[in-house]
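Based on the sequences and whatever the hints tell you, model everything.
If you're matching them up, the sequences are chains A, B and C in order.
With the first letter of the first sequence counted as 1, position 269 gets the number 266 in the working numbering; the numbers rise by one all the way through.
With the first letter of the second sequence counted as 1, position 158 gets the number 157 in the working numbering; the numbers rise by one all the way through.
With the first letter of the third sequence counted as 1, position 24 gets the number 25 in the working numbering; the numbers rise by one all the way through.
Calculated directly from the structure, the hints in this document are not laboratory data.
None of these values were measured; they are calculated from a predicted model.
Heads up, the beta-carbon is just placed ideally off N, CA and C, and yes, glycines get one too.
Misleading hints may appear alongside valid ones.
Dumping the calculated PhoX-like pairs for lysine-lysine here, alpha-carbon to alpha-carbon at most 25 Å [said to hold, decoys possible]:
1. B:K255 x C:K273
2. B:K91 x B:K7
3. C:K56 x B:K252
4. B:K255 x C:K197
Estimated spans, in silico, between C-beta atoms of each pair [to be verified]:
5. C:P64 x A:F128: 23 to 31 Å
6. C:V307 x B:A145: 42 to 50 Å
7. A:R105 x B:F151: 32 to 40 Å
8. A:T113 x B:H248: 55 to 63 Å
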Amino acid sequence: MGSTFLALLRSNRQFAAGIVLLALVAGFSCLSFFSPWPPNDSFVVPPDLPPSADYWFGTTSRGQDLFWLLSFAIRNTLVFGIVVAVLSRLLALLIGLVAGYSGGVVDRLLMSINDTFIVIPLFPILVLFYFVLKDHMSWGLLALMMACLGWSYDARLIRSVALSLRHREFTETGIFSGMSTRQILVEEHLPYVLPIVFSTTMNNINWSIGLEVTLSVLGFTDINTPTIGVMIYWANQHTALVAGIWWWIFFPVLLVVMTFIGLFLLAVSMNEHIDPRSRLGRSER
Amino acid sequence: MTALLELKDVSRVYGGGPFARRQVAAVSGVSFSLQEARPEIFTVVGESGSGKTTLARMILGMVAPSSGEIRFQGTDLATIRGTAGRLAFMRKVQPIFQNPFEAFNPMKRVDRYLFATARRMADVSGEAAIAAAADTALRSVGLSLAEIRGRFPHQLSGGQLQRIAIARALISRPLLLVADEPVSMIDASLRASIVNLLRELRDNSGLAIIYITHDLATAYYVSDRIIIMRQGRVVESGQARAVLDDPQHPYSKLLKSSVLSPEVPTGASHA
Amino acid sequence: MSVLAVEGLRAWYRTGTFGVPRDVRAVDGVSLSVEAGEIYGLAGESSSGKTTLIKTIAAATQPPLEVMAGTITFAFPGGPIEMQRADRRALAAIRWRHLSYIMQGSMSVLNPVRRVRHAFVDFAFRHLGQPKPQFLETVRAHLQRLQLGPDVLDAFPHQLSGGMRQRVTIALATVCRPEFIIADEPTTALDVVVQKEVLAMIREIQRELGSSVLFVTHDMAVHANLADRLGIMYGGRLVEEGRTDQLFRTPRHPYTAHLIASLPRLGDTAPKAGLSGTPPNLADPPSGCRFHPRCPRATDLCRREVPPLEPMAAGHRVACFHPEPVA
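Written out as structure tokens, the structure is:
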């Protein structure tokens, strides 16, 4: 595993670029543990100062040091994205593998549920939930809801792989070796499905972060916890762009764009690596 | 005395139902039986579309016949339900598939199938005993556990993989092997050893083998009895050498005359 | 002059996953020639390199396959052409008109969503230089000679049976009357009955056009019944070559001898022995003679040095230090 990682780093420039970007972002988010000020305190520093030697990213209109505030924000955003991705992968795997392997009535039932979820328009539903739950809306609850809405697309992908695997001869060898269904799904089929899971995880993180930013910018989430979207929300509330405080918008956006591009590059380069056919087709000399 | 395997007027139809355009009978009215006391190599010969693979799958219990009965040691296959019942059946009837490279998961080591079979189908427990069971089975096909331990399918040749598949099938001490074109995807120079191995298993272990092929020459070499199938029906059956030396049915005659012999025709004028 | 002359050809697959270079020596020093009007059979099993050889001869190589050394020269009426040096335009000019290809799967050639007629138009129209209606007439006449009805042109590939499709593929490959045809396992996927008809068709068209055919298959029975001369490939090299009847009657190379002896024959129940060992790994081939690990006659010399392909009798070349004695 480790040697593969290093080898990929050396030979695949996209992978290296993606890793570098993500390392920067993740490293920056870890700095939040060293922040001299708690994230929600305001007016701890002079407000509206442009980036300088004292305040690297400048300060906000609420008197917060943008550098440290941003480290909290990106940390929360990343954690949120990863939690949603993990939860929805688990759901997608479970439903996709079972539907593909079982076939028949079970498959049809699961896929009807799946298709219903695909069709549901996410954004209005999430806004609706916000208005219904208002004060009870927490990040955990939002993550759970998004996970429940984000599994359906990939479950279908996983199901189609599982379907084709069901009829391959090694599955039948496994059956005649006495392997149980669970053993076959986990040990024989999962390795084929993992490449899809990996690349969709990256996309899923991007998707959930994007949705979170959108909702937060519009104020439909808990605006007291700093995340990238919430920062942009507050910047808009204080009409930062009109007032000329460009850094309040610029740096959060820069960080989230770096995250997106890093994850994308990772997804694309890992995909190429994991699919053995594409490996053979390139002469990497 | 109960027959080992008995097929009575077995058919398998695809399509049908209220919206189907037409029905296709993959297998129609096949009947034969194998006796336990006389292990033999029973060959099913047919071209593509003859239904021989569907027949094999029905005997293995992977597909249910649309009509007719298949009885193994007196039990109707349709009555076998539940994991325990299936396992008991699979202990006694094992498959060999056509493509040795597909028979094993390319991402996994081949020895794990041997170990799984030993553990679940032969009731062997404990690592040492399982390894010993696998090794014994491999030695009976001319390999050993030391040679193949930890290897992946792409590191082995077609001939070796097919032997491993046979070894795996033997671990549970089955009474019947269903081999679907076991040598058609193996190099010609390696085929003879696999085919000889099957003959040995019949002679020394009393194993009955249903051998499915389209290759008449190999069928002649290895079979005791033979049936020739065409579009789902049996057109001719009997003792293998008798049928192939002197076929009666027009289709059998056509098949025999189309077989190319690996001999340069005497007096042939090549351009 | 031979229609095809291959000299010292080496074609390797060069892969470098994670910066670890690996060369699969699929074709490692092959020299052969094909004369006008003859059917040259190329036999070999898995990892013999025969598929790579014909890909290289047809100049259909793509990375990671690279030609490392050697020349491939065709002597066509327009003048000799060296395949490695020719540019794309020169290759396009000879492809199909002078050099055509019959592939194993007819569905690799025929577009499943277009009628068969379009395949003929796509492949052959610009070579024959006739106006469209006349071109279609030529095609119909050609099909008729091959006993295929003209309505085949209006059909979709899936409406034809496998054997019919393969016959269409052969008609397609011969409509421009090429001087050289490469046939890559054209009958392997076909039923025995259909195979006989398709082989007869190939023989007939070859006789009529006088083309040379390089016929590749692992099936020795097909070679016995079709090829004039036969070349046996093993581990990326030619190990024996000669007239078909000579090879079958007195094979000199141990591999050939064993191969022929192990083939089952209808009506023969004498026990056959298979070859021991496994085919060579072309990424890490055995030293010296590539067959030595499996050869009952191998000696130290065979392990050290590569036996050269040398004539042992008229028109019979063998690459072996200890060839089988003539019975």
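Against the structure, the hints come out as follows:
1. Taking the CA atoms of K255 of chain B and K273 of chain C, the gap is about 21 Å. The hint holds against a cut of 25 Å.
2. Of the supplied pair hints, the one linking K91 of chain B and K7 of chain B holds, its CA atoms being roughly 20 Å apart against a limit of 25 Å.
3. Our distance criterion of 25 Å between C-alpha atoms is broken by K56 of chain C and K252 of chain B, whose separation comes to about 39 Å.
4. Restraint check for K255 of chain B and K197 of chain C: the C-alpha separation of about 11 Å stays at or below 25 Å, so the hint holds.
5. Taken as a hint, the range 23 to 31 Å is violated for the pair P64 of chain C and F128 of chain A, whose Cβ atoms sit roughly 58 Å apart.
6. Judged by the Cβ atoms, the range 42 to 50 Å given for V307 of chain C and A145 of chain B is violated: they are separated by roughly 32 Å.
7. Between R105 of chain A and F151 of chain B the beta carbon distance is about 36 Å. The supplied range of 32 to 40 Å therefore holds.
8. For the pair T113 of chain A and H248 of chain B, the beta carbons lie near 57 Å from each other, so the given range of 55 to 63 Å is met.
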